[in-house]
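Colleague: Each chain, letter by letter, is given below.
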Amino acid sequence: EAGVAQSPRYKIIEKRQSVAFWCNPISGHATLYWYQQILGQGPKLLIQFQNNGVVDDSQLPKDRFSAERLKGVDSTLKIQPAKLEDSAVYLCASSSGKRTVAYEQYFGPGTRLTVT
Amino acid sequence: AQKITQTQPGMFVQEKEAVTLDCTYDTSDQSYGLFWYKQPSSGEMIFLIYQGSYDEQNATEGRYSLNFQKARKSANLVISASQLGDSAMYFCAMRERERDQKVTFGTGTKLQVIP
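First to last, the sequence lines map onto chains A and B. If you count by this note's numbering, then the first sequence holds residues 1 to 116, one letter each, in order. If you count by this note's numbering, then the second sequence holds residues 1 to 115, one letter each, in order.
The shape of chain A in the complex, shown without the other chains:
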């Protein structure tokens, strides 16, 4: 079974530029999460999709971040324009989406973003 795929693995941009990250979850997983992990901290949920609908985006800085999950499969997270404090690892995860707490999340390798 293929895992969660993310690209790119690394990205360096200057502040005020734009960047996009891509995630392909495990086949059949209805729930998809984007997390931001700043160095030395735990992952912080940015947005959670159930199929192609948004379940939670309360911590997504909507003035600069956007995300979509077309057709309920892969997803794109965009930052426009980037700030220095956006430097972090962006993790994508998926889970089965069944309405039970028991299903663990499977994480992709992450995208390490450096904003200079």
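Read the hints as simulated data drawn from the structure, not as lab findings. Here the structure is a predicted model, which is why all the values come from computation and not from measurement. Treat the hints with caution; some may be incorrect.
Quick list of in silico lysine-lysine cross-link-like pairs, DSSO-like style, CA-CA up to 27 Å [unchecked claim]: (1) 83/A to 62/A; (2) 102/B to 71/A; (3) 78/A to 102/B; (4) 70/B to 44/A; (5) 110/B to 44/A; (6) 3/B to 102/B; (7) 71/A to 15/A; (8) 102/B to 73/B; (9) 102/B to 62/A; (10) 44/A to 16/B; (11) 44/A to 62/A; (12) 11/A to 44/A; (13) 3/B to 44/A; (14) 15/A to 44/A; (15) 11/A to 110/B; (16) 44/A to 73/B; (17) 62/A to 3/B; (18) 110/B to 70/B; (19) 62/A to 78/A.
Beta-carbon label-pair distances, calculated as ranges [as the list claims (entries may be wrong)]: (20) 12/B to 64/A: 38 to 46 Å; (21) 16/A to 20/B: 42 to 50 Å; (22) 69/B to 58/A: 29 to 37 Å; (23) 16/A to 83/B: 39 to 47 Å; (24) 58/B to 18/A: 43 to 51 Å; (25) 80/A to 83/B: 39 to 47 Å; (26) 81/A to 17/B: 43 to 51 Å; (27) 78/B to 16/A: 30 to 38 Å; (28) 58/A to 112/B: 34 to 42 Å; (29) 17/B to 66/A: 28 to 36 Å; (30) 69/B to 83/A: 37 to 45 Å.
Which residues of chain A face chain B? A partial, calculated answer using Cβ under 10 Å [what the hints assert, rightly or not]: (31) 41; (32) 42; (33) 113.
Ideal Cβ placement from N, Cα and C applies to all residues, glycine included.
Following the hints, put chain B in place on chain A, whose structure we already have.
Modeller: Below, chain B alone, put in the same frame as chain A:
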């Protein structure tokens, strides 16, 4: 209040010894799940163990066990017979049914295994 609290920023353990990583949580939900993840320096998050709020037995997975004390709202991870490859960050996380299955992570504990 923090949903997940990990009070140990760093821990050291001698190789082959057991170590306990602390985790306390805060929820009013009756149905929730507790998870532990390992994050090596390479960055990937690896699922280790799960405990459900209604599970009466403590979860075990190989060398990992979860010391679940529901009344105290604690879910400590016990690693037995530590190995050098156990050196990593460890995160405790909780999923709450009433919050649309949202998962909240703690700040992590960095474990270093000493030969």
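Colleague: Please go over all the hints and tell whether each is borne out by the structure.
Modeller: Against the structure, the hints come out as follows:
Our distance criterion of 27 Å between C-alpha atoms is met by residue 83/A and residue 62/A, whose separation comes to about 13 Å. A threshold of 27 Å between alpha carbons decides the hint, and for residue 102/B with residue 71/A the separation of about 22 Å falls inside it, so the pair holds. Distance restraint check for residue 78/A and residue 102/B: the Cα-Cα separation of roughly 21 Å lies within the 27 Å cut-off, and the hinted pair is therefore satisfied. A C-alpha spacing of about 25 Å is found between residue 70/B and residue 44/A, which places the hinted pair at or below 27 Å, so the restraint holds.
About 18 Å separates the Cα atoms of residue 110/B and residue 44/A, which keeps this hinted pair within 27 Å; it holds. Distance restraint check for residue 3/B and residue 102/B: the Cα-Cα separation of roughly 12 Å lies within the 27 Å cut-off, and the hinted pair is therefore satisfied. Pair hint residue 71/A plus residue 15/A does not hold up; C-alpha atoms about 31 Å apart against a cutoff of 27 Å. Between the alpha carbons of residue 102/B and residue 73/B the distance comes to roughly 18 Å, so the proposed pair stays at or under 27 Å and holds.
The suggested pairing of residue 102/B with residue 62/A holds, with an alpha-carbon distance near 19 Å, which does not exceed 27 Å. With a C-alpha separation of about 33 Å, the suggested pairing of residue 44/A with residue 16/B is violated against the 27 Å cut-off. Between residue 44/A and residue 62/A the CA atoms are separated by roughly 15 Å; this keeps the pair inside 27 Å, and the hint holds. Our distance criterion of 27 Å between C-alpha atoms is met by residue 11/A and residue 44/A, whose separation comes to about 20 Å.
Straight-line distance between C-alpha atoms of residue 3/B and residue 44/A comes to about 12 Å, which keeps the hinted pair within the 27 Å bound. A distance of roughly 22 Å separates the Cα atoms of residue 15/A and residue 44/A; the hinted pair therefore holds under the 27 Å criterion. Proposed proximity of residue 11/A and residue 110/B is supported: the alpha carbons are some 26 Å apart, at most 27 Å. This hinted pair checks out: residue 44/A and residue 73/B have alpha carbons roughly 22 Å apart, not beyond 27 Å.
Under the criterion of a C-alpha separation no larger than 27 Å, the hint pairing residue 62/A with residue 3/B is consistent with the structure, at around 24 Å. A C-alpha spacing of about 25 Å is found between residue 110/B and residue 70/B, which places the hinted pair at or below 27 Å, so the restraint holds. Between the alpha carbons of residue 62/A and residue 78/A the distance comes to roughly 10 Å, so the proposed pair stays at or under 27 Å and holds. Judged by the Cβ atoms, the range 38 to 46 Å given for residue 12/B and residue 64/A holds: they are separated by roughly 40 Å.
Taken as a hint, the range 42 to 50 Å holds for the pair residue 16/A and residue 20/B, whose Cβ atoms sit roughly 46 Å apart. As the Cβ distance of residue 69/B to residue 58/A is approximately 30 Å, the hint placing it in 29 to 37 Å holds. Look at residue 16/A against residue 83/B: about 46 Å separates their beta carbons, and that is inside 39 to 47 Å. Taken as a hint, the range 43 to 51 Å holds for the pair residue 58/B and residue 18/A, whose Cβ atoms sit roughly 48 Å apart.
Look at residue 80/A against residue 83/B: about 44 Å separates their beta carbons, and that is inside 39 to 47 Å. In this structure, residue 81/A and residue 17/B meet the distance hint of 43 to 51 Å, their C-beta atoms being roughly 50 Å apart. One distance hint, 30 to 38 Å for the beta-carbon pair residue 78/B and residue 16/A, is violated here, with the actual separation near 48 Å. Between residue 58/A and residue 112/B the beta carbons are some 35 Å apart, a value that agrees with the proposed interval 34 to 42 Å.
At roughly 48 Å, the beta-carbon separation of residue 17/B and residue 66/A lies outside the given 28 to 36 Å, and the hint is violated. Hint check: residue 69/B to residue 83/A, Cβ distance near 42 Å, so the stated range 37 to 45 Å holds. Annotation: interface hint on residue 41/A holds; nearest CB of chain B at approximately 6 Å, less than 10 Å. The restraint placing residue 42/A at the interface with chain B holds, with a minimum CB-CB distance near 4 Å, inside the 10 Å limit.
Look at residue 113/A: its Cβ only gets to about 13 Å from chain B, farther than 10 Å, so that hint breaks.
When held up to the earlier numbered hints, the structure conflicts with 7, 10, 27, 29 and 33 and fits the remainder.
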